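Engineer: Numbering (the numbering used here), first residue to last: 107 to 546.
Read the hints as simulated data drawn from the structure, not as lab findings. Treat the numbers as computed from the prediction; the structure is a model and nothing was measured. Incorrect hints may have been included.
As the list claims (entries may be wrong) - Across the chosen pairs, the derived CB separations fall in these ranges:
no. : residue 1 : residue 2 : range
1   : H125      : G453      : 52 to 58 Å
2   : G179      : A146      : 26 to 32 Å
3   : A272      : G453      : 41 to 47 Å
4   : G530      : I161      : 24 to 30 Å
What the hints assert, rightly or not - For lysine to any residue, the following SDA-like pairs were computed, each having C-alpha atoms within a straight-line distance of at most 20 Å:
no. : residue 1 : residue 2
5   : K343      : A423
6   : K343      : D377
7   : K343      : P255
8   : K343      : P326
9   : K343      : G323
10  : K343      : W325
11  : K343      : L305
12  : K343      : D315
13  : K343      : D327
14  : K343      : G356
15  : K343      : G324
Even for Gly, the Cβ is constructed at its ideal location relative to N, Cα and C.
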Amino acid sequence: MGLGVQSGGLGVAAFMRDHGAELVVTDLRSESELVSSVTALGTRGVRYVLGRHEIGDFERAEIVVRNPAVRAGSPFLRAARDAGAYIEMEFTLFLRWCRQARVIGVTGTRGKTTTATALHAMLVAGGERALLAGNMRVSALAQLHEIEPGSTVVLELSSAQLEGLAGTGLRTRGAIVTNLMADHLDRYADMQAYAQAKLSLVANQRAGDWAVIPAGGGWPDWFAARAGGTVVRPDLKDASPGWGYAPLSGRHNRANLALAAAAAREAGVEDDAIERAVRGFGGVAARQELVGTIDGVRAYNDTTATTPEAALAALAAVPGPWVLIAGGSDKRLDFAPLAERLRTTDGLRGVVLLPGAGTDRLRPLLDGCRVVTVGDMAQAVDRALALARSGDAVLLSPACASFGLFANEFDRGDQFVARLRQLGLQPPARPRAESGPDDG
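Full structure from sequences and hints, please.
Structural biologist: Next comes the structure, spelled out in structure tokens:
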């Protein structure tokens with residue numbers, strides 16, 4: 107239910123079909139909208155119901171695998187449950203099938219992709235056989251056949267993916283909760299419901315399992331008090347081994363690597379291997395990523411910044427002056443702190459706003475800022491470059507979701523980079539490690 111245009115739905119469908127399921131793929135999107143996924147999956151052993159759902163398909167199903175975008179309260183899922191079907195998600199299927207490897211789950215509002223990727227690098231540096239998958243356009247089920255006995259799988263997991271864990275008793279042997287900030291309030295009634303969606307990752311754990319949760323009060327304490335295994339509480343002010351020589355900066359990155367290092371130690375990795383990994387870790391694509399320069403203007407792709415807090419982190423980490431490309435669909439988040447930062451900074455050349463309900467709420471808060479509203483990404487890039495001067499940064503850090511104008515947040519970033527390349531983007535020089543410590 108919900109093939110989608112990313113790898114998760116495709117990976118589940120191919121896995122179920124190839125393991126003998128009589129498969130129905132149903133999605134509210136049309137075949138033309140799903141052409142890449144439909145072409146990749148093919149028609150062998152698959153019946154497609156696209157542009158709609160048929161209630162009879164759910165009433166006859168033995169197993170329904172729902173895409174994370176599908177809300178748990180869907181009437182179609184209710185009909186399937188009433189008819190006796192098992193409701194699964196890719197992550198629950200993966201845990202049921204993956205018995206030969208240790209699984210470490212990584213969740214949180216911000217930093218989970220960077221933390222998961224850094225942890226994978228540390229495991230590899232320590233000589234571990236490790237695989238990275240999850241909420242990063244990499245299907246875990248599609249890679250199940252590659253997993254060797256005794257290896258470690260690092261999975262980045264969103265709140266929507268973790269919803270399927272509740273009540274199953276399924277668990278990961280290791281876990282990291284990076285943080286909890288306001289997000290996805292278009293999906294969850296409040297922060298308590300949002301936190302509850304993530305809780306099963308640690309609450310399902312048992313004696314012998316471990317969870318890394320930052321030191322500090324508030325939500326970290328809430329998760330730690332409800333964890334079922336051993337809880338490790340690193341102080342995020344303490345840098346990971348090698349941080350002073352890492353080719354990236356920022357307090358948020360220091361925190362991400364500190365969490366990854368704590369988890370790597372729990373997984374048996376020595377500090378010298380952690381340091382080697384950190385020294386060579388340049389970050390993750392589409393997260394404050396310097397994609398190149400054009401006429402002396404630096405261009406940064408931070409399309410995964412879908413909250414105001416994430417955009418604030420980018421403004422703190424990326425050297426200005428800036429032209430900010432922001433806006434998009436609304437997640438019921440508070441734009442006031444971001445707007446205050448933009449109104450009071452001396453380094454802001456202007457804000458280019460993409461269309462969407464989030465933009466409609468943000469724009470009235472930007473009194474005194476130079477604001478340009480555009481209709482698509484190509485226009486946004488063109489107007490941003492017109493506002494920028496040599497040495498400035500054009501920063502795509504939207505603070506909003508991508509729905510409506512783009513297929514997803516990665517499509518948004520891809521369109522940003524594609525337009526820059528059309529205009530003559532020059533790739534960045536290969537990054538080098540700093541020569542000394544960075545307080546970040």
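Engineer: State for each hint whether it applies.
Structural biologist: Here's how the hints hold up against the structure:
1. Judged by the Cβ atoms, the range 52 to 58 Å given for H125 and G453 holds: they are separated by roughly 55 Å.
2. Judged by the Cβ atoms, the range 26 to 32 Å given for G179 and A146 holds: they are separated by roughly 30 Å.
3. Checking the proposed 41 to 47 Å range against A272 and G453 shows it holds: the Cβ atoms sit about 45 Å from each other.
4. Here the CB-CB span from G530 to I161 is close to 53 Å, at odds with the stated 24 to 30 Å.
5. Straight-line distance between C-alpha atoms of K343 and A423 comes to about 17 Å, which keeps the hinted pair within the 20 Å bound.
6. For the proposed pair K343 and D377, the alpha carbon gap of about 17 Å is at most 20 Å, so the pair holds.
7. Pair hint K343 plus P255 does not hold up; C-alpha atoms about 36 Å apart against a cutoff of 20 Å.
8. Straight-line distance between C-alpha atoms of K343 and P326 comes to about 15 Å, which keeps the hinted pair within the 20 Å bound.
9. For the given pair, K343 sits about 15 Å from G323 by alpha-carbon distance, which is consistent with the 20 Å threshold.
10. For a cut-off of 20 Å, the pair hint linking K343 to W325 stands: about 18 Å separates their Cα positions.
11. With a C-alpha separation of about 25 Å, the suggested pairing of K343 with L305 is violated against the 20 Å cut-off.
12. For the hint linking K343 to D315, the alpha-carbon distance of about 25 Å lies beyond 20 Å, and the restraint is violated.
13. For a cut-off of 20 Å, the pair hint linking K343 to D327 stands: about 17 Å separates their Cα positions.
14. This hinted pair checks out: K343 and G356 have alpha carbons roughly 12 Å apart, not beyond 20 Å.
15. Of the pairs offered as hints, the one joining K343 and G324 holds, with about 17 Å between alpha carbons and a cut-off of 20 Å not exceeded.
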